[in-house]
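Can you build the whole structure from these sequences, using the hints too?
Residue numbers (this note's numbering): 240 to 274.
These are computed hints drawn from the structure, not numbers from a lab. Since the structure is predicted, the reported quantities are computational estimates derived from the model, not experimental observations. Warning: the hint list may mix true and false statements.
Here are the simulated distance ranges between beta carbons [claimed, not checked]:
1. Lys272 / Ser241: 34 to 40 Å
2. Lys272 / Ala244: 39 to 45 Å
3. Val242 / Lys271: 41 to 47 Å
4. Lys268 / Met247: 27 to 33 Å
5. Ser241 / Ile267: 27 to 33 Å
6. Asn273 / Met240: 43 to 49 Å
7. Ala266 / Ile245: 38 to 44 Å
8. Ile249 / Ser270: 28 to 34 Å
9. Val261 / Ser241: 45 to 51 Å
10. Gly243 / Val263: 27 to 33 Å
11. Ser269 / Ile245: 34 to 40 Å
12. Ala264 / Ala244: 29 to 35 Å
By construction, the Cβ of each residue, glycine as well, lies at the ideal position given by its N, Cα and C atoms.
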Amino acid sequence: MSVGAIIMMIIGCAGLWGGCAVSVAIAIKSSKKNT
240 MSVGAIIMMI IGCAGLWGGC AVSVAIAIKS SKKNT
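See the structure below:
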């Protein structure tokens, strides 16, 4: 494993979890507005 590959893995995981967190936050906000 090269340093570049490890960095790309970290960035990919951060982007994946970041996208999940954003989608969950949007769902919570929209559900609060609807109720």
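How the hints compare with the structure:
1. For Lys272 and Ser241, the Cβ-Cβ distance of about 47 Å falls outside the hinted range of 34 to 40 Å, so the restraint is violated.
2. At about 42 Å, the beta-carbon gap between Lys272 and Ala244 stays in the expected band of 39 to 45 Å.
3. Between Val242 and Lys271 the beta carbon distance is about 43 Å. The supplied range of 41 to 47 Å therefore holds.
4. Lys268 and Met247 have their C-beta atoms about 31 Å apart, which keeps the hinted 27 to 33 Å range intact.
5. Range check, Ser241 to Ile267: Cβ separation about 39 Å, and the 27 to 33 Å hint is violated.
6. For Asn273 and Met240, the Cβ-Cβ distance of about 46 Å falls inside the hinted range of 43 to 49 Å, so the restraint holds.
7. Checked against the given bound of 38 to 44 Å, the beta carbons of Ala266 and Ile245, roughly 32 Å apart, lie outside it.
8. In this structure the supplied range 28 to 34 Å holds for Ile249 paired with Ser270, their Cβ-Cβ distance being about 32 Å.
9. Range check, Val261 to Ser241: about 30 Å between beta-carbon atoms, so the 45 to 51 Å window is missed.
10. Taking 27 to 33 Å as the suggested C-beta distance range, the pair Gly243 and Val263 conforms, at roughly 31 Å.
11. The supplied range of 34 to 40 Å is met by Ser269 and Ile245, whose beta-carbon atoms lie about 37 Å from each other.
12. Taking the beta carbon of each, Ala264 and Ala244 are about 30 Å apart, inside 29 to 35 Å as hinted.
Going through the hint list in order, the structure does not satisfy hints 1, 5, 7, 9.
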